[in-house]
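> Listed below, chain by chain, are the residues.
Number of protein chains: 2
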Amino acid sequence: MLHALTTASLRRHYLFSKLSEDELNRIGGHAQILDLQAGEQLFMQDTEAHHFYQVHAGQIKLSRLNPDGNEKVIEILNPGETFAEAVMFMQINRYPVTATAVQPSTVYAFKSQVFLDIVRNNNDLCLRLLGDMAMRLRSRMHEIEQLTMKNATYRVVRYFMQELEKAGDEVDELELNIQKQLLASRLSIKPETLSRILGTLRDQGLIRSQGKKITLLDPEALRAYE
Amino acid sequence: MLHALTTASLRRHYLFSKLSEDELNRIGGHAQILDLQAGEQLFMQDTEAHHFYQVHAGQIKLSRLNPDGNEKVIEILNPGETFAEAVMFMQINRYPVTATAVQPSTVYAFKSQVFLDIVRNNNDLCLRLLGDMAMRLRSRMHEIEQLTMKNATYRVVRYFMQELEKAGDEVDELELNIQKQLLASRLSIKPETLSRILGTLRDQGLIRSQGKKITLLDPEALRAYE
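Protein chains in written order, with our numbering: chain A, 11 to 236; chain B, 11 to 236.
Be aware that one or more of the hints could be misleading.
As the list claims (entries may be wrong) - Just so you have them, the derived chain B footprint on chain A, three or more residues with Cβ under 8 Å:
id, region
1, 38-51
2, 124-135
3, 139-145
As the list claims (entries may be wrong) - One-sided excerpt, in silico: chain B residues whose CB lies under 10 Å from chain A:
id, residue
4, Ala96
5, Gln101
6, Arg104
7, Asn133
8, Glu153
What the hints assert, rightly or not - Once the Cα atoms are required to be at most 25 Å apart in a straight line, the calculated SDA-like pairs of lysine to any residue come out as:
id, chain 1, residue 1, chain 2, residue 2
9, A, Lys160, B, Leu157
10, B, Lys160, A, Asn103
11, B, Lys176, A, Tyr169
12, B, Lys223, B, Met171
13, A, Lys200, B, His152
14, A, Lys190, A, Ser205
15, A, Lys176, B, Thr158
16, B, Lys200, A, Thr158
17, A, Lys190, B, Arg168
18, B, Lys82, A, Leu208
19, A, Lys82, B, Thr158
20, B, Lys82, A, Leu147
These aren't lab readings, by the way, just hints derived from the structure by calculation. Here a beta-carbon is modelled for each residue, glycine too, at the ideal position from N, C-alpha and C.
All chains, please: the whole structure from these sequences, using the hints.
Pasting the structure below:
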């Protein structure tokens, strides 16, 4: 059974954030705290699934055995992350993976049935969970988009700076003669991503771009992108 | 009303992927196809919310008016993306944003009530949706982790290559004297991310690292990370 302090900290996870105090206590009352040694198995692939888990400390590895008998690591879970909750929601009765502690670890084990009963008897809760996850999913997708863009922008500006260096210190405006497609392929980014980046830099007055000619107008400001 | 062809294509989105043929047809039967001109508003902030939407073509901007009357763009949605579904799930009755077409766009409008009725009367569907979203959410988080790592690895290897270039062409093993914390801060990456990257490069035999001394063992192979 979890302490009041622990159940309060569970609220930070999306699975628990929408539960009432009562519901959370019910789940916490059935929860177990498990200590695992490095290398110890929590559950084995294809065994019956009755719990879902949250890593409290340490690191848990999820893996599968390939038909050839080799282990394939599916993922490594860090504190705060839950696992086997999709197994619970989808009401698959067996774990599709093996869970092993990578290092000495503590995990919380929650009874799937208790959680499912709560969600099943509370349609509004199920909808609120869907809403919360829809928002989280969208915000993650935008984070991915931004990271991709940031990474790509870094590459583009790096390329510009290298060309500037070649031209020497006194130059403060430089014309590059390179086709956008060629530049994209050289920097391993998608042509449409490159177009968006060049568009942004153009809107900010940092470059001018016409055909295959790119003019660097403000190297000082461009450097800020590195 | 949507064509059979369109409803089939809806299945690709997580909101529809778990629906039965019948359920999907019910939703499609109540759906509308809306054509918007560039700059045209789809709905205004604080008006009553009865629909959720999917962008079919074009681009939709979601924005809010700040207290000072300035517009703040919340996000730009591209084909395939849905919006206002969290408003539906959370049963908020008003749109918290204004939706405007950035360019000539086509959107599908779905009646929230029809979708909610289906989910409310089908608990298993609600749970399956939760399971599906839980998996998607986790896979997005891992994608973010990988992108962050890829971006950071690129920066680290770039730095190594620059130092190699300074040392001249004949050098094929180079010792760098830089504290890891300093390197991390110079490359704007988290110290723990740098540690993981150096660990990976070390495991692959590409570098040796001891204290503040990093030895580049295999510049050729390191270059592959760029």
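> None of the hints should be skipped; say for each whether it holds.
Hint by hint, here is what the structure shows:
| no. | hint | verdict |
| --- | --- | --- |
| 1 | 38-51 | violated (count 0) |
| 2 | 124-135 | holds (count 5) |
| 3 | 139-145 | holds (count 7) |
| 4 | Ala96 | 4 Å, holds |
| 5 | Gln101 | 7 Å, holds |
| 6 | Arg104 | 14 Å, violated |
| 7 | Asn133 | 5 Å, holds |
| 8 | Glu153 | 6 Å, holds |
| 9 | Lys160(A) - Leu157(B) | 10 Å, holds |
| 10 | Lys160(B) - Asn103(A) | 36 Å, violated |
| 11 | Lys176(B) - Tyr169(A) | 17 Å, holds |
| 12 | Lys223(B) - Met171(B) | 16 Å, holds |
| 13 | Lys200(A) - His152(B) | 21 Å, holds |
| 14 | Lys190(A) - Ser205(A) | 8 Å, holds |
| 15 | Lys176(A) - Thr158(B) | 30 Å, violated |
| 16 | Lys200(B) - Thr158(A) | 18 Å, holds |
| 17 | Lys190(A) - Arg168(B) | 22 Å, holds |
| 18 | Lys82(B) - Leu208(A) | 23 Å, holds |
| 19 | Lys82(A) - Thr158(B) | 23 Å, holds |
| 20 | Lys82(B) - Leu147(A) | 21 Å, holds |
In terms of the numbered hints stated before, the structure departs from hints 1, 6, 10, 15, listed from lowest to highest.
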